[in-house]
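**Student:** Read off the chains here:
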Amino acid sequence: MGLGVEWAVDWLKLSAKAMAEHRVELIEMDRAIGDSDHGENMDRGFQAVVQKLEEAPPETPGAALKVAAMTLMSKVGGAAGPLYGTAYLRAATSLGDLTDVDAGAMAEALAAARDGVVARGKAEPGDKTMIDAWTPAVDAARNAAATGGPLDVLEAAAQAAEAGATATDPLVARKGRASYLGERSAGHRDPGAASSALILRAAVDAASSPGSAGTGPE
Amino acid sequence: MGLGVEWAVDWLKLSAKAMAEHRVELIEMDRAIGDSDHGENMDRGFQAVVQKLEEAPPETPGAALKVAAMTLMSKVGGAAGPLYGTAYLRAATSLGDLTDVDAGAMAEALAAARDGVVARGKAEPGDKTMIDAWTPAVDAARNAAATGGPLDVLEAAAQAAEAGATATDPLVARKGRASYLGERSAGHRDPGAASSALILRAAVDAASSPGSAGTGPE
Amino acid sequence: MKKLINDPRAVVDESVEGFGMAHADIVTVHADPKFVVRKAAPVAGKVALVSGGGSGHEPLHAGFVGLGMLDAAVPGAVFTSPTPDQIIPATVAVDAGAGVVHIVKNYTGDVLNFETAAEMAQAEGVRVRSVLVNDDVAVEDSLYTAGRRGVGGTVLVEKIAGASAQRGDDLDAVTAIAERVVANVRTMGVALSGCTVPHAGTPSFELADDEIEIGIGIHGEPGRHRIAMESADAITDRLLEPVLEDLGLSSGDKVLLFVNGMGGTPQSELYIVYRRAAQVLAERGATVERSLVGNYVTSLEMQGCSVSVLRLDDEMTRLWDAPVHTAALRWGA
Amino acid sequence: MKKLINDPRAVVDESVEGFGMAHADIVTVHADPKFVVRKAAPVAGKVALVSGGGSGHEPLHAGFVGLGMLDAAVPGAVFTSPTPDQIIPATVAVDAGAGVVHIVKNYTGDVLNFETAAEMAQAEGVRVRSVLVNDDVAVEDSLYTAGRRGVGGTVLVEKIAGASAQRGDDLDAVTAIAERVVANVRTMGVALSGCTVPHAGTPSFELADDEIEIGIGIHGEPGRHRIAMESADAITDRLLEPVLEDLGLSSGDKVLLFVNGMGGTPQSELYIVYRRAAQVLAERGATVERSLVGNYVTSLEMQGCSVSVLRLDDEMTRLWDAPVHTAALRWGA
Ligand SMILES: Nc1ncnc2c1ncn2[C@@H]1O[C@H](COP(=O)(O)OP(=O)(O)O)[C@@H](O)[C@H]1O
Ligand SMILES: Nc1ncnc2c1ncn2[C@@H]1O[C@H](COP(=O)(O)OP(=O)(O)O)[C@@H](O)[C@H]1O
Ligand SMILES: [Mg+2]
Ligand SMILES: [Mg+2]
Ligand SMILES: [Mg+2]
Ligand SMILES: [Mg+2]
Numbered sequence: 000m001g002l003g004v005e006w007a008v009d010w011l012k013l014s015a016k017a018m019a020e021h022r023v024e025l026i027e028m029d030r031a032i033g034d035s036d037h038g039e040n041m042d043r044g045f046q047a048v049v050q051k052l053e054e055a056p057p058e059t060p061g062a063a064l065k066v067a068a069m070t071l072m073s074k075v076g077g078a079a080g081p082l083y084g085t086a087y088l089r090a091a092t093s094l095g096d097l098t099d100v101d102a103g104a105m106a107e108a109l110a111a112a113r114d115g116v117v118a119r120g121k122a123e124p125g126d127k128t129m130i131d132a133w134t135p136a137v138d139a140a141r142n143a144a145a146t147g148g149p150l151d152v153l154e155a156a157a158q159a160a161e162a163g164a165t166a167t168d169p170l171v172a173r174k175g176r177a178s179y180l181g182e183r184s185a186g187h188r189d190p191g192a193a194s195s196a197l198i199l200r201a202a203v204d205a206a207s208s209p210g211s212a213g214t215g216p217e
Numbered sequence: 000m001g002l003g004v005e006w007a008v009d010w011l012k013l014s015a016k017a018m019a020e021h022r023v024e025l026i027e028m029d030r031a032i033g034d035s036d037h038g039e040n041m042d043r044g045f046q047a048v049v050q051k052l053e054e055a056p057p058e059t060p061g062a063a064l065k066v067a068a069m070t071l072m073s074k075v076g077g078a079a080g081p082l083y084g085t086a087y088l089r090a091a092t093s094l095g096d097l098t099d100v101d102a103g104a105m106a107e108a109l110a111a112a113r114d115g116v117v118a119r120g121k122a123e124p125g126d127k128t129m130i131d132a133w134t135p136a137v138d139a140a141r142n143a144a145a146t147g148g149p150l151d152v153l154e155a156a157a158q159a160a161e162a163g164a165t166a167t168d169p170l171v172a173r174k175g176r177a178s179y180l181g182e183r184s185a186g187h188r189d190p191g192a193a194s195s196a197l198i199l200r201a202a203v204d205a206a207s208s209p210g211s212a213g214t215g216p217e
Numbered sequence: 000m001k002k003l004i005n006d007p008r009a010v011v012d013e014s015v016e017g018f019g020m021a022h023a024d025i026v027t028v029h030a031d032p033k034f035v036v037r038k039a040a041p042v043a044g045k046v047a048l049v050s051g052g053g054s055g056h057e058p059l060h061a062g063f064v065g066l067g068m069l070d071a072a073v074p075g076a077v078f079t080s081p082t083p084d085q086i087i088p089a090t091v092a093v094d095a096g097a098g099v100v101h102i103v104k105n106y107t108g109d110v111l112n113f114e115t116a117a118e119m120a121q122a123e124g125v126r127v128r129s130v131l132v133n134d135d136v137a138v139e140d141s142l143y144t145a146g147r148r149g150v151g152g153t154v155l156v157e158k159i160a161g162a163s164a165q166r167g168d169d170l171d172a173v174t175a176i177a178e179r180v181v182a183n184v185r186t187m188g189v190a191l192s193g194c195t196v197p198h199a200g201t202p203s204f205e206l207a208d209d210e211i212e213i214g215i216g217i218h219g220e221p222g223r224h225r226i227a228m229e230s231a232d233a234i235t236d237r238l239l240e241p242v243l244e245d246l247g248l249s250s251g252d253k254v255l256l257f258v259n260g261m262g263g264t265p266q267s268e269l270y271i272v273y274r275r276a277a278q279v280l281a282e283r284g285a286t287v288e289r290s291l292v293g294n295y296v297t298s299l300e301m302q303g304c305s306v307s308v309l310r311l312d313d314e315m316t317r318l319w320d321a322p323v324h325t326a327a328l329r330w331g332a
Numbered sequence: 000m001k002k003l004i005n006d007p008r009a010v011v012d013e014s015v016e017g018f019g020m021a022h023a024d025i026v027t028v029h030a031d032p033k034f035v036v037r038k039a040a041p042v043a044g045k046v047a048l049v050s051g052g053g054s055g056h057e058p059l060h061a062g063f064v065g066l067g068m069l070d071a072a073v074p075g076a077v078f079t080s081p082t083p084d085q086i087i088p089a090t091v092a093v094d095a096g097a098g099v100v101h102i103v104k105n106y107t108g109d110v111l112n113f114e115t116a117a118e119m120a121q122a123e124g125v126r127v128r129s130v131l132v133n134d135d136v137a138v139e140d141s142l143y144t145a146g147r148r149g150v151g152g153t154v155l156v157e158k159i160a161g162a163s164a165q166r167g168d169d170l171d172a173v174t175a176i177a178e179r180v181v182a183n184v185r186t187m188g189v190a191l192s193g194c195t196v197p198h199a200g201t202p203s204f205e206l207a208d209d210e211i212e213i214g215i216g217i218h219g220e221p222g223r224h225r226i227a228m229e230s231a232d233a234i235t236d237r238l239l240e241p242v243l244e245d246l247g248l249s250s251g252d253k254v255l256l257f258v259n260g261m262g263g264t265p266q267s268e269l270y271i272v273y274r275r276a277a278q279v280l281a282e283r284g285a286t287v288e289r290s291l292v293g294n295y296v297t298s299l300e301m302q303g304c305s306v307s308v309l310r311l312d313d314e315m316t317r318l319w320d321a322p323v324h325t326a327a328l329r330w331g332a
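Protein chains in written order, with numbering that gives the first Met the number 0: chain A, 0 to 217; chain W, 0 to 217; chain C, 0 to 332; chain Y, 0 to 332.
For the record, the hints were derived by calculation from the structure and aren't laboratory data. For glycine and all other residues, C-beta sits at the position ideal for the given N, C-alpha and C. Treat the hints with care, as some may be off.
[As the list claims (entries may be wrong)] What the simulated footprint calls covered on chain Y by chain W, stretch by stretch (three residues with Cβ under 8 Å from a Cβ of chain W suffice, anywhere in the stretch; the number is not a length):
(1) 196-210
(2) 214-223
(3) 229-235
(4) 274-288
[What the hints assert, rightly or not] Facing chain Y, a subset of chain C residues (Cβ under 7 Å, in silico):
(5) I4
(6) N5
(7) L248
(8) S249
(9) Q266
(10) I271
(11) R289
(12) W330
Please put together the full structure from these sequences, using the hints given.
**Tutor:** Quick look at the structure:
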């Protein structure tokens, strides 16, 4: 059996928790090579997502991700808002009406999310953006889907995203605000790649301990 | 024999030297209870006095002091400009055409200077202003004039002014900018009293080592 | 961090509310979603101008809403571009049927959010054109970056395009004049200090007592180079040189010289910079026809300034001189 | 100390020179002795207004020279009142025979220098009246001090008296309206940081990260009390309370509310203060008829603000609304 709407809702709630917990860290990363708002924006956006999910509980994983898409789009602003918004929207579309997400569907939803970010942001791997977390994550997810279940897919994706985020440290940014710094952007982690890794880790946690996000407000 | 125009010019030049040397100290005093400009203003003003004296060397002590009066009035600004300007003007008037200033004339010139400051600024002793240096200086000068020569008069005035300036430390200001601070003005020396003491000390130095100010520009 | 604020997260709400109270004769403030519209909007027959971006650059953009300039401004969180759900209703609210021009500073976030909003407003029947402002010559190699940023020049685009719309030009004409300003304005900035985003609480960067950042943007991001402190004249030369070079300024050109404060620099210093910049322009044979000096496109309380040069033609000069009545820029009305 | 300056001792010269270049359409700058006159001065038949004081408060006073406001401004060294040899020729230069009003902020230095200048200008045949501005309620016990300081309210006096002179009122009438403004305006200020006089090089005072100075003047002098940092609303209440009390504000009064930045505070924060002050005034039953928010009477780069309330009557309101065309304040012209 695959992962259902409970998993999707838990994923978003655990993502919100992760954004709140890592808010200052993400602000600090953005302060170094950007404008100090990434942690604040993601925190504000995901708190709003949680609220929306509680106001009108979704019926399918795709519906849950669509709520996240619309809310992030309208509450986050900055570069991250539309990029994450598009990612969730494409993932939601990819999942369609599925009530149960198996390994293959999971990998393709992650790929759709990544493609959405690329379509909007035009970044290439190595540009020091969230794409540097998502691209290895999608590759790893597809590999894992060939042999494992959805949890394996998510675990593979999270690990690859974490490695991908870490690997942005030495890069010189070529997209987003950090690109203005030129060579001075090297030696710092990309905040969007870091938040992407946190979000994919939350997906694993939601799958491995169902209900761990609680049902009431945080 | 009394003190002549050479003394008066030396006095003003040594005053200029003292203002330059103590510029930062006077700024610091004014920073504590005022607006950080007294040292700068006095320095600027006296440099201009020296220049004027060199452009058109005066013939009498009174003429020298009149040059100082007009120059300070037009170059210093703030409270100190008109107050010192009036002081030198009244002293110059008191000396008239004298070419040789004896002890009595010296004490009366200092008294006239002090009276000029009071007439313009309406401060009373104890208000924590330059009057607190000038008033004891005038008293001491008059006492010394009864028995001594002009150098004795100046030495007595300088000593009393120095003591008077020191004695402003605990006072609460009631005139000038420091008065806005109320009780917070206590515990600081009044910058105008301090500059007055320096100027009277310069008068002694000019009298005790004639020519010590040099004749060329500093 | 010491600021005249209440809750760091309420800064934009309360500040925009106060702005609306102080300028109730010029603007109406919509609280949620947040945007500021010209009291008279929609103005029958007139092309509408909408701009917006992160907050923290005041008076940009709300301070430029009013007769002869913007019809709406859309403030985001501090240094965060606004969202489509703000931009769309602002766009719809000011459209009088003649179309709307979005004036967008070139940042990934602003571009993406305005792009989405434009698309959705079009779907609601509003004709929308977008003009990207990208005047910052500090960003070299724009092939390898997100492209040049929109900075100080934005206010000049808004004023001149605003006058074009006010006199009744159509959507194409207003768009064209806005683009002509963009094509002819270049800017470069310097910071003497960082600035502190209220929700972050620590300065965007720290500079030693003898250091300055050259080539900063307007979001407290570090610049391209950190150099030792210099005299105002030397700094001005350093800012102006790449501006003039990139502009290809030639003798006989007429220009508008704009010295913009970053928020924490006293006016007296801006005029010292202006003096030098005007001297250099005179030496190069350019005529400074118009001037603007003051805090118009700021980075919170940052100390520093930017120097913009706009190459004028007669029409731009006429439009610059046309009446404007906004909270932050006003003449002839 | 990091400033956009060249030689610390040339700050005023270079800044005023730059000001004159940027606003050559409005003013003429005289270099030595230094003063700034309205281009059109002397204006036939018009009473002339002259103000001045130490520099470092820009745009005060030179920024208010022009149609409907001042005829001349006389800048001293930083925080040092100007000298009679500047004030006298400025006074003579703008006199059109109808007399001159000196608007003097109440500081010993300004009073003494303007006093001497007035006396000597009278001797040259100019009829001179002096109006002392002393709106700062932070100075209590004015019997035991040099009296209340002139601070933010000065700009309101200059605007309203300037409009009176512009419409052709005679010397008595202009003097009377200026005094009426003085009688009806009160101000109180707060500093979040000190400021650094260029020639001094160290901040006027140092505040810890959680301290503010209440009741400051505009010369970087420490205030009456140092207190722990508070919210913008609490600080606003603290400033407004003594202002309203001293003004004896009653329900039904019409007022002008002026939130003035000290130079280093972003506009967004000034509007947060404005919001609270307007709320309090509404609670007290007063009507805010007119508003002014911005950096008008500054202390170099100091962070902080002052709040002024002017009790309006219909004539003052009309004169406030009258056209003004200066570098820093402009409407209706
Ligand atoms: N063109 C792009 N493509 C993909 N990701 C991008 C792009 N531009 C920026 N990003 C991501 O957005 C992150 C910054 O987000 P955020 O700080 O919220 O927005 P802003 O840069 O507008 O302040 C960067 O760390 C980067 O990962
Ligand atoms: N009314 C007054 N009578 C006598 N001396 C005064 C008076 N007011 C101020 N002073 C003197 O002037 C000094 C300040 O001079 P200065 O700093 O140059 O002027 P300002 O106060 O205008 O900045 C004070 O220290 C005090 O000694
Ligand atoms: Mg950011
Ligand atoms: Mg002083
Ligand atoms: Mg941002
Ligand atoms: Mg002074």
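**Student:** It remains to establish, for every hint, whether it holds in the given structure.
**Tutor:** Here is how each hint holds up against the structure:
For the stretch 196-210 of chain Y, the assignment as covered by chain W holds, since 6 residues bring a beta-carbon within under 8 Å of that chain's beta-carbons and 3 suffice. Proximity of the stretch 214-223 of chain Y to chain W, defined as three or more residues with a beta carbon under 8 Å from a beta carbon of that chain, is established by the 6 residues found. For a cut-off of 8 Å, the count of residues in the stretch 229-235 of chain Y with a CB near a CB of chain W stands at 0, and the three-residue condition is violated. Counting residues of the stretch 274-288 of chain Y whose C-beta lies closer than 8 Å to any C-beta of chain W gives 0; at least three are required, and the coverage claim is violated.
Annotation: I4 of chain C was flagged as interfacial toward chain Y, and the flag holds, the nearest CB pair being 5 Å apart, inside 7 Å. Interface hint status for N5 of chain C: upheld, as the beta-carbon distance to the closest one in chain Y is roughly 5 Å, under 7 Å. The criterion of a C-beta within 7 Å of any C-beta in chain Y is not met by L248 of chain C, whose closest approach is roughly 18 Å, and the hint is violated. Below 7 Å, beta-carbon pairs count as interface contacts, and S249 of chain C has none with chain Y, the closest being about 22 Å; its hint is therefore violated.
At its closest, the beta carbon of Q266 of chain C sits 4 Å from a beta carbon of chain Y; the interface hint therefore holds under the 7 Å criterion. A distance limit of 7 Å between C-beta atoms decides the matter here; for I271 of chain C the minimum to chain Y is near 5 Å, and the interface restraint holds. The restraint placing R289 of chain C at the interface with chain Y is violated, with a minimum CB-CB distance near 10 Å, outside the 7 Å limit. Here the hint on W330 of chain C is kept, as its CB sits about 5 Å from the closest CB of chain Y, short of 7 Å.
The structure does not agree with the numbered hints 3, 4, 7, 8, 11 stated previously, though it agrees with the rest.
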